[in-house]
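2 protein chains.
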Amino acid sequence: MDKQQLIDCHQRIKPFIHDTPVLNSRLINKMGNASFYFKCENFQRMGAFKMRGAANAILQLTDEQKQNGVVTHSSGNFAQALSLAAQSLGVKAHIVMPKSAPEVKKEAVRGYGGILTECESTLHAREQATERIIEKHGTTFIHPSNDDQVILGQGTACMELLELYPDLDYVFTPVGGGGLIAGTALAAHYFGKNCKTIGGEPFEVDDAYRSLQSGKIEINASTNTVADGLKTQLGDKNFPIIQKHVEEIVRVSEQEIVSSMRIIWERLKIVCEPSSAVALAACFNKKELLSGKKVGIIISGGNVDLSKLPY
Amino acid sequence: MDKQQLIDCHQRIKPFIHDTPVLNSRLINKMGNASFYFKCENFQRMGAFKMRGAANAILQLTDEQKQNGVVTHSSGNFAQALSLAAQSLGVKAHIVMPKSAPEVKKEAVRGYGGILTECESTLHAREQATERIIEKHGTTFIHPSNDDQVILGQGTACMELLELYPDLDYVFTPVGGGGLIAGTALAAHYFGKNCKTIGGEPFEVDDAYRSLQSGKIEINASTNTVADGLKTQLGDKNFPIIQKHVEEIVRVSEQEIVSSMRIIWERLKIVCEPSSAVALAACFNKKELLSGKKVGIIISGGNVDLSKLPY
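Each protein sequence line maps, in turn, to chains R and Z.
Quick note, the first sequence lines up with residues 174 to 484 if you use the working numbering.
Quick note, the second sequence lines up with residues 174 to 484 if you use the working numbering.
The shape of chain R in the complex, shown without the other chains (with noise of 0.2 Å):
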């Protein structure tokens, strides 16, 4: 993927997205040893940076495909990314999701238009009932994070931080399923001024630093972390863009996340999820490399369930 397809991508999206707010705070400047930069996604339309690769997949589609809706599977911030975007663009949205996943998430989906369909927690019943919508209706496939149209959208936040911030040294984002890395690590190779980008990852769902380690795309075998964001795996689309652009994958502890996240309600007095704080968990792993530099956090979402928070 080139520069001028996410100079595109970007023009693409703008009206259906929010450039959203860049925030810093003196003090966690000074826990970093480091000039941090927090391009805060969580107050991203429905609240996560998943908007921008899903408006930008929806807009990608010829009419016909716009006429036969498109369908995903996902219980987060995607099933309700695509709805809502599909919804902007008046295309319908059929979103698979686990009977198991939890109601409230169900009813985001719904208050954003999307059709929910609801299967058993395996990914046969998953693949099942997504086959079954497409072929009843003709509709479009899309991954969350594994689709180049996706990768390219979610890349354009980083654009909008160097946009602001031309001379960052480093560019963090959170690892999930990687589409957000991936298309971070395009708008920083193709708009920074040799920017790096860096992964933050949970030990507990550490596939993306083993599959940099081994070269192929390696499994969880359980993914027991309070970042529930990013329980997903990487994929072939995104896995080469990784190695190729991304410059080191670091791990953190579950501990280190949730107190990374309280210094974020804290110090900028947002609301992020857990997911978003693996990045600061990660810079502050890396302090030494970070020394005096100019950091860009992307702080990916703010959708938590508020009764349910780890303090």
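Any given hint might turn out to be false.
Same chains, same label: a pair holds when it works inside one copy or across any pair of copies.
As the list claims (entries may be wrong) - Dumping the calculated DSSO-like pairs for lysine-lysine here, alpha-carbon to alpha-carbon at most 30 Å:
id	residue 1	residue 2
1	Lys417	Lys272
2	Lys278	Lys481
3	Lys366	Lys272
4	Lys279	Lys366
5	Lys203	Lys279
6	Lys187	Lys203
7	Lys176	Lys278
8	Lys417	Lys460
9	Lys278	Lys460
10	Lys481	Lys309
11	Lys187	Lys467
12	Lys203	Lys265
13	Lys278	Lys203
14	Lys481	Lys176
15	Lys187	Lys278
16	Lys410	Lys187
17	Lys239	Lys203
18	Lys481	Lys279
19	Lys369	Lys187
20	Lys203	Lys369
21	Lys366	Lys481
22	Lys410	Lys278
23	Lys272	Lys481
24	Lys309	Lys187
Calculated from the structure, these hints are not laboratory results.
Model the placement of chain Z on the given structure of chain R, informed by the hints.
Quick look at chain Z alone, frame taken from chain R:
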């Protein structure tokens, strides 16, 4: 106090404060049937609007007064604000606080360079401790809310809001000691186009509501509210301004405060104090009046103890 005094005050404090962002949410607009503009003073330095008044009060001192330092009694945001404003200006700030105040508040004051004097938690002990400091050091007493320079400073948040949105129909603030609402009402009067100021106040500490009814400053017999920033009383400097320029005080229940706070956290993705939510709760109680109108809301601050949330 006149228009020019507000303009001068704003110019004076600008280097020491943030011009905080204004956020909004389509969903909250839909819930309240109006267009809401949230002026986010939780993003202010030290986390609350109090920084504005504290900075202005210190900046108005003579050189000799600055030499001798300032003193206040507060266990809330003003203690931190005066400490940080004084530190920024190279002035000593003495803070009188009851021994029983939470350790985290004492730490915050010390962190901003304030000189802490602890006393028993009676009005008498507090006043005595303050007197002793004034006698010993010749310090100038600065009241957290009943001080003309503090009132002017607090008004600058509304000035900034009206610079961005000059045609607001209403501006809502919480009412505690009366400094914020008095300053806001002056700003709305001088800089708005028929912009009316309305206060939100918990039923549990409705001294301002009763004072406006009776025409004299009323006292709270008890202060049993989650909005801990609003337990203070009106004073003789701000009450006449409130009488002249505030349209109405709207009382809200504790349940309404907590549910409005949750809406702000979940929809705006920001961390605000219960006190801030009182203003939105008041708006929800005036839906008919506000229907289709443009409504500013001052989010007063974001200093909350995350381990003691009401959700």
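Task: Structure-inconsistent hints, enumerated in ascending order - done: 1, 3, 4, 7, 10, 14, 21 and 24
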